[in-house]
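Chemist: With chain P fixed as given, assemble chain E onto it according to the hints.
Number of protein chains: 2
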Amino acid sequence: MRYSPLITDLYELTMLAGYVDEGMADTPAVFDLFFRHNPFNGGYAIFAGLAPALSYLENLSFTSEELSYLNSLGLFKATFLEYLEEFRFRGKVTAVPEGTAVFGNEPLLTVEGTLAEAQFVETALLNIINFQTLVATKAARICHAAGNGTVIEFGLRRAQGPDGGLSAARAAAVGGIRSTSNVLAGMIHKLPVKGTHAHSWIMAFPDELTAFRKYAEVFPDSTILLVDTYDTLKSGIPNAITVAGELAERGHRLVGIRLDSGDLAYLSKEARRMFDAAGFPEVRIVASNELDEFVIDSIRDEGGRVDIYGVGTRLVTCDGDGGGALGGVYKLVRSGDRPRLKVTSDTAKATLPDRKRLLRALAPDGSFIQDVITLDSESIVPGDTVFDPANPLQYKTIPVTAQLIDLRDVVMSDGKAVLGPSDNLNVLADRTADQLQKLPQGTLRFMNPHRYKISISKGLLDLRQQLVKAIQEGSTHG
Amino acid sequence: MRYSPLITDLYELTMLAGYVDEGMADTPAVFDLFFRHNPFNGGYAIFAGLAPALSYLENLSFTSEELSYLNSLGLFKATFLEYLEEFRFRGKVTAVPEGTAVFGNEPLLTVEGTLAEAQFVETALLNIINFQTLVATKAARICHAAGNGTVIEFGLRRAQGPDGGLSAARAAAVGGIRSTSNVLAGMIHKLPVKGTHAHSWIMAFPDELTAFRKYAEVFPDSTILLVDTYDTLKSGIPNAITVAGELAERGHRLVGIRLDSGDLAYLSKEARRMFDAAGFPEVRIVASNELDEFVIDSIRDEGGRVDIYGVGTRLVTCDGDGGGALGGVYKLVRSGDRPRLKVTSDTAKATLPDRKRLLRALAPDGSFIQDVITLDSESIVPGDTVFDPANPLQYKTIPVTAQLIDLRDVVMSDGKAVLGPSDNLNVLADRTADQLQKLPQGTLRFMNPHRYKISISKGLLDLRQQLVKAIQEGSTHG
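Chains as they are written, first to last, in the UniProt record's numbering: chain P, 1 to 478; chain E, 1 to 478.
Chain P extracted, bound-state conformation (with noise of 0.2 Å):
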């Protein structure tokens, strides 16, 4: 799929532009792609959309179609289009890799290269990577609050545009749920696609058992039957449980059937009963219905049923707090031979500067302890000093039993993908996973969870608070 470079936002244009006519086009820049909160209110985020984003990054280039578009808005010179025509992405990406847990403040993806290329890319990248990690992010809480229970993504119809379906369905990928029913994306994604069948199906025969029996005559071997049509207890139920006798009686089996309203984790439990009671105790549960992490949660809490969980509408506009957004940001952090920052008038919330290393600290067991933003030039060790972003008098030491891994890959060089990060969702997921049984417990708790501890260094930390200083020295004379 090509990514036209047209998805950007117009003053990503002018400001190119601008540094053509400026001369700056060249110069040397470093921009830090990140997000300030955790989504959701939640203890961590996953990240995910780093393939779709390196692949926009290789292979942008302007067709003659766009330029004239462009050149039809009246706002650019000859000499700027004809730049754009030879216009590319040659500069080098370090990212994390898809499916890491990752925090608030966090540098997730640097691009370095000319200022033209790499403030180019913003709106893109900001698109791409704001709305996989998010859904990733809300994938990984649904299947956490899923425990054994399996999970496949049904969200298409209500998903923000086709394609809205289409990322949505591999960011949840990333974040754990394996499958889903969205076919284009079974296709290009290479996902498993599973479903079940439509009201309609069953008010398009004369009765809801025919409509049953024939669904079950067609698909022997896959029938999932959706039994709230007319009543579940009363008529759904006890008709799917005809037809698994009549599929019995031929060799085949029943695989399950759908709750799709009421109380599911009361008719959950009601139709395992009467499953096992009918001598079907293979028969799966599957439930639907503006399904999340809370109702899930209190699903099985009530001691509910269910082995499938389809989940849709939530996960795919990922309701909650948020508002369908992770608040992804892309700031210069340095220009020319000189590191930059933006500060707001809480100077302890100005963005951290400079080309910077993300480092994990591992306990002996593999668990993760907590995260240390460093300076690229700076050498730090167990035992070292770091401090708390937000409040340089807090600070604390790393323990001397831990590991220091730098969490962070080279991924694209000279705008070439460097081989390695995958886009083998299953891998990806296996690291979301993994990553999860390594967090401290409590980050993964949905109401008020613990907060994983980021530090900086003692070199950033000083080098932010000179900068600061000048600014508040001079602000408007720099």
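Incorrect hints may have been included.
Because identical chains cannot be distinguished in the list, a pair is counted as satisfied if it fits within a single copy or across any two copies.
Stated by the list, open to error - Think about it this way: if two alpha-carbon atoms lie no more than 27 Å apart in a straight line, the pair counts; the simulated BS3-like pairs of lysine-lysine are:
| hint | residue 1 | residue 2 |
| --- | --- | --- |
| 1 | K214 | K342 |
| 2 | K458 | K342 |
| 3 | K269 | K234 |
| 4 | K469 | K214 |
| 5 | K396 | K349 |
| 6 | K190 | K416 |
| 7 | K342 | K234 |
| 8 | K469 | K458 |
| 9 | K349 | K453 |
| 10 | K77 | K214 |
| 11 | K190 | K77 |
Hint data in this document are derived by calculation from the structure and do not stem from the laboratory.
Modeler: Positioned in the frame of chain P, the structure of chain E alone reads:
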């Protein structure tokens, strides 16, 4: 843009295979698309997405790559894949025009055709129309809040994938937000594109004044300066006033400034005062930063002097009650020669069966009194009694002075779009604006809006009651 026919839930394909197997594929069927509750707990919705939906239907066909993918699933017979090779949509579509104010339970779009084609298109139609209608509605609410202020769509970086941003820009335009920062949306949907510059532009120069001057040099007639990088009132606005003076000396004009943080009501009043005092009353004030209808309302309540609102995240992700999704559904209302309905435990919420008409009663001045849903075959005139669908004991008389108009047109016949439904977004935005003027004004209120009255005819009420009774008397034997 081609929509793949695989933009669908797997069950649409398995049901289709079932209908083909059972010899039911050619049974005549009628489906209604509707939502149950107005989004955002609001008083109305703005219908959108028809032109893309018709384009999907008109071009529906499977490529050989798509068919071989389906074959690889091992679910379908060779004869069914051959059937799909010839599969097209050849049905009839009746719908309200885009930009029409619509309400819960109204049949917005009706598909008539064979059971095969009419069922298959469910997921894609819901995907396209749910999201477009949701965004158009949010946009209409935001424009209403902005009064005479201009609104620009700024949401691409937080949109749900690249196409989420593109569809959102189109739908926002239907709702009244007629320009966008999204350059691809500008090209594809012929929308004016707008923009300013980012904080990084400022940070790439030694100081703010130099950065402002350089931008104004490159774009002397279209410069809007972002004034909050260091300190809005002490640095940003004074520097912008200096540049406004320098531009004026050279015969140009500073177009505006943008406020992107802080107390936008207060800062806009201060900015207005400072620019007016400096002799620049024509400089416009743009505000952005997590705006929605509620924030804009409060800025205006406090006497804010914002001229242009840049609205991003909360528009394109449709933040607010409703969780980023319109709960549109697609229900079988007739198959073969029988009207159908779906009952739930609350029979007053049964769907409305059979082919229908959607009428609007207009007062002599053209304002909207109420909507009435009737059977297709029924003739309704002013003076007739009509009923509350959820409570048939409540009835109402259509005023004898009212004029009854049919809200829907046949927009597709034999699978070909009928000339008429416009994809000119300015025409659609004009229609939205006109509709909002004609609605009872209490309907536009954000909190506890007036509930616009939707009634059903005697014929429709009687048919529904008769079908509910038949199901209750023999649900499993129909």
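Chemist: Determine for every hint whether it applies to the structure shown.
Modeler: For each hint, the structure was consulted:
| no. | hint | verdict |
| --- | --- | --- |
| 1 | K214 to K342 | between (65 Å within a copy, 20 Å between copies) |
| 2 | K458 to K342 | within (19 Å within a copy, 66 Å between copies) |
| 3 | K269 to K234 | within (15 Å within a copy, 66 Å between copies) |
| 4 | K469 to K214 | between (76 Å within a copy, 25 Å between copies) |
| 5 | K396 to K349 | within (19 Å within a copy, 60 Å between copies) |
| 6 | K190 to K416 | within (24 Å within a copy, 34 Å between copies) |
| 7 | K342 to K234 | between (64 Å within a copy, 16 Å between copies) |
| 8 | K469 to K458 | within (16 Å within a copy, 77 Å between copies) |
| 9 | K349 to K453 | within (16 Å within a copy, 51 Å between copies) |
| 10 | K77 to K214 | between (66 Å within a copy, 16 Å between copies) |
| 11 | K190 to K77 | between (45 Å within a copy, 21 Å between copies) |
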